[in-house]
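Add chain B to chain A, keeping to what the hints say.
What follows is the residue order along each chain.
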Amino acid sequence: MSLAEFDIANFVPQMIGGALIGLAAASLLLLNGRILGVSGIVGGMLTRGQSRADFLWRWFFLLGMFAAGVVLAQIMPTAFGVAPFQVGTSTGSTAMLVVAGLLVGFGTRLGSGCTSGHGVCGMARGAPRSIVATLVFMGFGIATVTAIRLVMVSGT
Amino acid sequence: MMKIPAIAFFCGAVFATGLAVSGMTQPMKVVGFLDVGGAWDPSLAFVMAAALGVYAIAWQISQRLTRPIVASAFDAPKNRIIDRRLLSGAVLFGIGWGIAGFCPGPALVSLGSFSGTAVLFSAAMLTGMFAFTLIQRRFDK
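The listed protein sequences correspond, in order, to chains A and B. For the first sequence, the working numbering gives the first residue as 1319, with consecutive numbering after it. For the second sequence, the working numbering gives the first residue as 525, with consecutive numbering after it.
Just chain A, with the same shape it has in the complex:
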């Protein structure tokens, strides 16, 4: 994109969506005192020794996400786009998808956070751990996408 094409109006959906993400995280913090970090919320359900109340709010948060997802898929289906590696396109594609899922799941638990917990909540409160984690996962995300593009180009 050249600078002449830059029009802030093109980014209105991104700003509205981002504000909603911030609003959801803000409400969870100010009302329930919890951090909106998806990997942490799921991880807390997979860990033994949680109280019933702790398990319940996590379950309801995920249920809210899923229920909204079902409705959104009906009213704005184009919001759910294809992935670079789609299931069933080829064995390699399916394998890449599984490897990516395992890396995202294991990595976010090992690193105690993902895009929401570190990238939004942690960064906004200036937590050094979250700032470092976000720079690292963004950096490796960029490196991975670049590497895949270069392999694809040389392969064709």
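Everything labelled a hint here was simulated from the structure, so no lab data went into it. A couple of the hints might just be wrong.
Stated by the list, open to error - A few chain A residues that don't get close to chain B, going by computed Cβ distances all over 10 Å:
1. ASN1350
2. ALA1391
3. SER1434
4. HIS1436
To be verified - Stretch-level coverage of chain A by chain B, calculated; a stretch enters the list once three of its residues show a Cβ under 8 Å from a Cβ in chain B:
5. 1324-1336
6. 1407-1416
Idealized CB from N, CA, C, for every residue including glycine.
What follows is chain B alone, placed relative to chain A:
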């Protein structure tokens, strides 16, 4: 006390809507955002900027409260050490994110579309999370 789970449900739904509206549930768009040396699509930077702006205000408000409005206490992360565990986790996550264009939130919201890709990715992701739980004791000193 059903208030806390009800609020959590509402927050999950608003969060999911924000992800879908912003384009985070389009893996190709996420990959385009990370492809800074190629056909870079910077639009998702505005998602993060808007979310950070709103949450930063909420964080400042929370610092003036002794307790949250509904629950009895704030659950704030206390760990401040940047260790190998944090860094290697972020590295693995970044690689997986770059391959698939899905991070945990958008993957779980996309389950609502029942696409095979979202279902398989999420199943693998939950397996990875559970695998960590199995070996977690090694990290908790």
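Taking the hints in turn, this is what the structure says about them:
1. ASN1350: A:ASN1350 is in fact no farther than 10 Å from some Cβ atom of chain B, at 5 Å.
2. ALA1391: Answer for A:ALA1391: violated, closest chain B Cβ roughly 4 Å.
3. SER1434: violated (5 Å)
4. HIS1436: The assertion about A:HIS1436 is violated, with a minimum of 8 Å to chain B.
5. 1324-1336: holds (count 8)
6. 1407-1416: This one holds; 4 residues, not fewer than the three required, reach chain B with a Cβ under 8 Å.
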